[in-house]
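S.K.: Knowing the structure of chain A, use the given hints to seat chain B on it.
Protein chains: 2
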Amino acid sequence: MTYCVAALVEDGIVFASDSRTNAGVDQIATFSKMNIFERPAERVLVLLTAGNLATTQGVTSLLRQRAEQGILAARSLFDAATLVGETLREVVSRDGAALQQDKIDFGCNFIFGGQLKGEPPRLFHVYPQGNFIEAGRDTPYLQIGETKYGKPIIDRVVRFDSGLKDVAKCLLVSFDSTMRSNLSVGLPIDLLCYEKDALRVTRRRRFAEGDAYFREISQLWSAGLRRVFAEVPDVTWG
Amino acid sequence: MTYCVAALVEDGIVFASDSRTNAGVDQIATFSKMNIFERPAERVLVLLTAGNLATTQGVTSLLRQRAEQGILAARSLFDAATLVGETLREVVSRDGAALQQDKIDFGCNFIFGGQLKGEPPRLFHVYPQGNFIEAGRDTPYLQIGETKYGKPIIDRVVRFDSGLKDVAKCLLVSFDSTMRSNLSVGLPIDLLCYEKDALRVTRRRRFAEGDAYFREISQLWSAGLRRVFAEVPDVTWG
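Protein chains in written order, with this note's numbering: chain A, 1 to 238; chain B, 1 to 238.
No wet-lab data here; the hints were simulated from the structure. We treat Cβ as the ideally placed atom computed from N, Cα and C, and that holds for glycine. Hints may be right or wrong, so weigh each one.
As the list claims (entries may be wrong) - Cross-link-like lysine to any residue pairs, in silico, SDA-like; alpha carbons within 25 Å at most:
#, chain 1, residue 1, chain 2, residue 2
1, B, K103, A, Q129
2, B, K117, B, D197
3, A, K165, A, R180
4, A, K165, B, T236
5, B, K165, A, V228
6, B, K103, A, Q100
7, A, K196, A, G136
8, B, K165, A, S181
9, B, K196, B, G70
10, B, K103, B, T21
11, A, K165, B, K165
Unchecked claim - Over the 12 Å line for every Cβ pair with chain B, so calculated as not near, a few chain A residues:
#, residue
12, A74
13, D95
14, D105
15, V157
If we strip away everything but chain A, and leave its shape as in the complex, we get:
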């Protein structure tokens, strides 16, 4: 499994992804699911991937191999997202039949976003079929993979006018909740905070096993929830 989430707000976009992949419980490995395509002062594109690892790696490898004429040359983020979708369709049409024969689920989902000079930051969810939707003011965040455990806190905190600091913190808390309830989502977490109009990657951090900050928010959050819980009045039975 996987958990990836990104939120588009007034001041930029925050991206976060875990790094655990598994094909059964006895085949667990670590792969980053955050792919960055950057041409400083011109564009920053971030691709988060969930689903069949061979498929997602196939797509990212092709995108990287063809980047100069491909997503680094695309004239808008919409065109770049279209290219991601088309590349996914290409990989699926190449590998799909063989995998389907063995009943292997080869589907995958992408979160794709960033900014091109001359455009505002934009954020997309590319579906297994290659089509996609774009986040907006009303629904500023997108999730793929194991999305449910970490959704309640985002629903409570993230708005389009939330500050980047709060959003970054919130996505980490969302990961903490997810990792407590689902073993197949695991550290390291890759976090990237893209500041609107920076047109380069300025804030990026990896939270690995034993990371002091991540342990601290995990403990503070846990202790805080217990405190709030204790303050809520007991049920009266009338």
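M.R.: Coordinates of chain B only, in the frame set by chain A:
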């Protein structure tokens, strides 16, 4: 969709279920999913249901119709759970073929628990195939339906040695999180707190639309989460 949860602790069992059913977004209705079979001073049995409404109603109607010779006569909670599973298989074998033909998902899950005189309280999850598992000290709670949004708070709070008051409160908070993230789970919530060795229903309450207590915990929880969130330090980018 549906959300039902029950937790077996040292002092008894707390059961909670929502009341929303839907067959598509334009066919939403209210049905209680909590069924109680009681013979005061001898046994209390509670059945929570999730899944295809015709199937779950078929099972509960047959169980009730045959209760005197059936689950009210069963010699143990294990035997009663076996009867629930058998009745489910009977309904599925009667209706399954016709439903399968029209590709209708007729599966359902049950949480079934309570106490018979001479036994400790026991709690089971009956699967769509009619087999079942029993909760225990290590995993004291069971969920069916839309389980994920409400799981993190239970994972943090409920232990086998938790008090009934805390468990009742926690299950309500778990419902609050679920209802915020999934529209297909809705009020009223039926809550039943069975006190070990009572052998009768003593604490039962329904939280309907506008219930003052439920609104209060919902607001306090929301405000508390925001407060704790504000206390967690911001991410440092190094």
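S.K.: It remains to establish, for every hint, whether it holds in the given structure.
M.R.: Checked hints:
no., hint, verdict
1, B:K103 to A:Q129, "holds (23 Å)"
2, B:K117 to B:D197, "holds (8 Å)"
3, A:K165 to A:R180, "holds (23 Å)"
4, A:K165 to B:T236, "holds (9 Å)"
5, B:K165 to A:V228, "holds (15 Å)"
6, B:K103 to A:Q100, "holds (22 Å)"
7, A:K196 to A:G136, "holds (15 Å)"
8, B:K165 to A:S181, "holds (23 Å)"
9, B:K196 to B:G70, "holds (23 Å)"
10, B:K103 to B:T21, "holds (19 Å)"
11, A:K165 to B:K165, "violated (37 Å)"
12, A74, "holds (28 Å)"
13, D95, "holds (28 Å)"
14, D105, "holds (19 Å)"
15, V157, "violated (6 Å)"
The earlier numbered hints that this structure contradicts are 11, 15.
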